[in-house]
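Student: Listed below, chain by chain, are the residues.
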Amino acid sequence: MKNRQPLFHVVKREDSRPGRQLLAYVTAVVLALAVGAVLLAVQGVEPLTFYKQMLTMGIPGSRYPWRAVENFIKLFVPLLIVSLALALAFKMRFWNIGGEGQFIMGAFWAGFAAMKLGEILPKPAMVLVMALCGAVGGGIYGLFAAALKVRFGTNETLLTLMLNYIALYFLQFFAETKAPWNFFLDPESARPKFAKFPAGAQMVTVPIGPFNLNLSLVAALALCVLIFVYLNYTKRGYEISVVGDSPNTARYAGMRVGRIVLRTIFLSAALIGMAGAFHMSSAGVMSASPTNDVGWTGIVVAWLAKLNTLGILAAALLITVLQFGCQTASAAYPAIDANFANLLQGVILFIVLAADFFTRFRLVRRAGKEAVK
Amino acid sequence: MNDPINVLTLFLFNIVLINIPLLYGTVGEIVVEKSGSLDLGVEGTMAVGAMFGYLAGCAANSLAVGLLVSFLTAGLCGLLFAVLTVSFQANQNVTGLTITTFGLGLYFFVGKGLGERWPAMTGSAALVNGFSAFELPLLSKVPVAGKVFFSQNILVYLGIAIAVLVWWYLNHTKTGLRLRAVGENPGAADSVGVNILLYKYVHLIAGSGIMGLGGFYMALNMSGSFEGSNCWINGYGWIAIALVIFANWNPVLAILGTLVFGFFNTLQIYSGALAGAFPGGLGWLNAVPAQLFKALPFIITAIVLIASSVRKREGSGQPAALGLNYFREER
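So the sequence lines, in the order shown, correspond to chains A and B. Under the numbering used here, the first residue of the first sequence is numbered 1, with each subsequent residue one higher. Under the numbering used here, the first residue of the second sequence is numbered 1, with each subsequent residue one higher.
I should point out that these hints are in silico values taken from the structure, not numbers from a laboratory. Here the structure is a predicted model, which means the values were calculated and not measured. Do not rely on the hints blindly, as some may be mistaken.
[Unchecked claim] In silico DSSO-like cross-links for lysine-lysine, where the CA-CA straight-line distance does not exceed 30 Å:
| # | chain 1 | residue 1 | chain 2 | residue 2 |
| --- | --- | --- | --- | --- |
| 1 | A | K74 | A | K116 |
| 2 | A | K12 | A | K123 |
| 3 | A | K91 | A | K116 |
| 4 | A | K116 | B | K294 |
| 5 | A | K193 | A | K123 |
| 6 | A | K178 | B | K294 |
| 7 | B | K312 | A | K193 |
| 8 | B | K147 | B | K294 |
| 9 | B | K294 | A | K196 |
| 10 | A | K91 | B | K147 |
| 11 | A | K196 | A | K116 |
Given only the sequences and the hints, what does the whole structure look like? Please build it.
Tutor: Listed below in structure tokens is the structure:
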């Protein structure tokens with residue numbers, strides 16, 4: 001009989017070399033920028049000038065350079081927190097793609113608290129209450145999907161996807177319905193328009209010279225450290241990785257898998273909700289589409305970073321630079337859209353996903369009799 | 001115009017006209033999911049098919065060229081998904097979402113980049129004629145139903161034909177049955193000599209191509225006018241993913257599902273007109289918030305999803321290996 005084995009077969013690698021991974025990332029970014037440069041050139045835009053503006057984000061030479069940094073932080077903080085939170089769920093192989101919905105629910109309940117209590121509570125307390133309300137609101141929304149998954153095995157990917165849109169239209173209902181009971185809206189305006197939060201509900205900022213440090217950045221960085229410790233040095237964090245690797249092993253070891261899933265997803269969704277709350281108090285006003293796609297981009301970031309906490313910090317920074325940079329740079333070019341960042345982001349991830357294969361597997365040549373073994 | 005029967009007929013007519021892209025997206029996604037892949041890139045795939053199909057259709061002044069190019073370019077998105085998830089074992093959720101991000105990025109990049117050079121649909125007689133009503137002889141004369149079902153454009157009939165054809169393919173052909181085996185249990189299918197790689201590649205490309213046709217339809221339905229802020233697809237790709245579940249992975253049920261989802265989708269536009277035409281019976285429609293109509297497809301799907309997992313009933317069409325990559329060495 002003829003040997004019909006393919007020429008190569010694929011074998012899992014036992015070793016993992018961080019150097020090889022780093023190389024993959026650098027290659028991905030460089031290649032994506034190269035692809036982008038070709039596309040820009042086709043549109044008649046000088047790629048180097050565009051990239052220079054994109055990577056410097058219009059900060060040098062600006063009349064208010066600190067304002068740009070503050071806006072950058074407003075984009076960076078939600079993305080960082082959401083990516084960290086999603087990584088918790090993904091570590092357990094729970095495909096929470098409901099970040100958008102949990103973020104919206106967090107934003108909604110934070111806004112609810114701000115409109116109801118903003119006049120009463122003083123500033124730092126109010127921001128804290130908003131964060132708590134957001135965390136509980138987002139957490140319960142995530143817990144709903146987790147409970148169904150644990151109890152009935154409902155497909156969590158598809159369910160959280162549906163919940164995203166239900167949350168979105170729920171929020172839009174409050175954004176677009178002009179009625180006496182709707183305390184979210186500005187009573188002065190004839191058209192439905194969100195009212196500004198009372199002063200107490202605005203994010204706390206610490207002035208450092210001309211720069212106002214948004215306190216949510218400090219909170220996000222602290223979360224980074226806390227989650228790193230939680231995952232690597234606590235029993236609960238260890239349980240997450242065991243359940244992720246093999247629920248059966250976890251069960252055999254006497255872990256209550258269902259409870260671990262519920263606890264972790266609540267934590268994950270609560271952090272996302274809290275990011276929504278921070279985002280609302282930084283903006284100072286509600287929005288009908290508050291997420292800026294952070295629930296989707298967070299998945300990209302978490303995956304780029306291989307769910308590694310420090311990696312997430314770096315990846316979130318990279319993606320925010322791309323997005324914020326494209327926003328500022330594209331203002332100067334009518335032919336280029338801020339969505340150009342999404343294109344670059346897509347190419348980067350495609351290359352990383354493909355390169356992953358070569359860091360996880362290797363090709364072995366089949367030869368002669370060895371194949372029959 | 002305010003004649004109640006006219007309003008009702010127009011409402012029903014639009015349910016079909018506006019929502020057929022959902023059918024294309026759903027049938028495409030069913031083909032993909034039956035091979036065991038959960039492709040969350042429907043929105044991006046449709047956007048790519050829409051953009052390039054429309055531009056090619058305008059350039060060639062031909063409906064057929066538009067259809068072909070939208071099928072091929074969307075099929076390329078499927079090929080990309082196949083290379084990454086089937087050959088390179090990448091995570092399907094992440095790959096699908098990236099295709100959506102990338103596809104929408106490409107859509108806006110091309111559209112914005114054309115700027116003044118954007119071709120108007122009125123400049124292409126073939127597209128305008130191809131998308132205008134094609135009245136089926138005799139049948140179109142039937143009151144109400146004649147207008148609603150038999151005076152639509154050719155692409156509506158094509159969509160329904162594809163749905164029926166795919167249903168027949170999945171249930172009554174040898175390759176179709178093998179495809180389902182690949183989605184249910186790739187290891188078993190592999191052991192009886194089914195070429196898993198080939199089946200996954202072909203069906204990812206073909207399914208994505210069908211989604212692309214839906215995108216092309218949306219481009220024509222929007223009269224080819226490009227807006228910098230809103231994509232033509234406008235969330236239809238996500239609704240299609242929901243519809244696959246609602247239709248229980250059955251392309252013929254997907255036709256019905258399209259009409260049900262389409263009913264709510266169109267009701268939000270027509271609720272005012274309907275309430276005006278039938279003040280006695282439908283006056284309450286004015287009180288229903290439009291956002292509820294928008295959310296209903298997703299609410300219904302969530303309920304279907306939960307209910308079917310609670311009942312764990314036999315005969316669920318969800319492929320058992322949906323979303324799982326097949327790695328031969330771990331068989």
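Student: Quick one, are K147(B) and K294(B) close enough, alpha carbons at most 30 Å?
Tutor: holds (26 Å)
Student: Given the hinted pair K178(A) and K294(B), is their Cα-Cα distance within 30 Å?
Tutor: holds (18 Å)
Student: Below or equal to 30 Å on CA atoms is what counts here, so check K12(A) against K123(A).
Tutor: violated (55 Å)
Student: Keeping to a limit of 30 Å between CA atoms, is the pair of K91(A) and K116(A) held or broken?
Tutor: violated (37 Å)
Student: Compare the distance between the alpha carbons of K196(A) and K116(A) with 30 Å, and conclude whether the hinted pair is satisfied.
Tutor: holds (12 Å)
Student: Between K116(A) and K294(B), does the CA-CA distance stay at or below 30 Å?
Tutor: holds (28 Å)
Student: Please verify whether K312(B) and K193(A) have alpha carbons no more than 30 Å apart.
Tutor: Violated, because 45 Å separates the two Cα atoms, which is more than 30 Å.
Student: K294(B) and K196(A) were given as a pair; does the straight-line alpha-carbon distance stay at or below 30 Å?
Tutor: Measuring from Cα to Cα gives roughly 27 Å; hence the hint holds.
Student: Does the structure keep K91(A) and K147(B) at a Cα separation of 30 Å or less?
Tutor: Violated, at roughly 54 Å.
Student: Hinted pair, alpha-carbon criterion (30 Å max): K74(A), K116(A). Please report holds or violated.
Tutor: Given that 30 Å is the threshold and the Cα spacing comes to 24 Å, the pair holds.
Student: Tell me if the straight-line CA distance from K193(A) to K123(A) falls inside 30 Å.
Tutor: With Cα atoms ~24 Å apart, K193(A) and K123(A) stay inside 30 Å; holds.
Hint compliance for this structure: hints 2, 3, 7, 10 are not met, and every other hint is.
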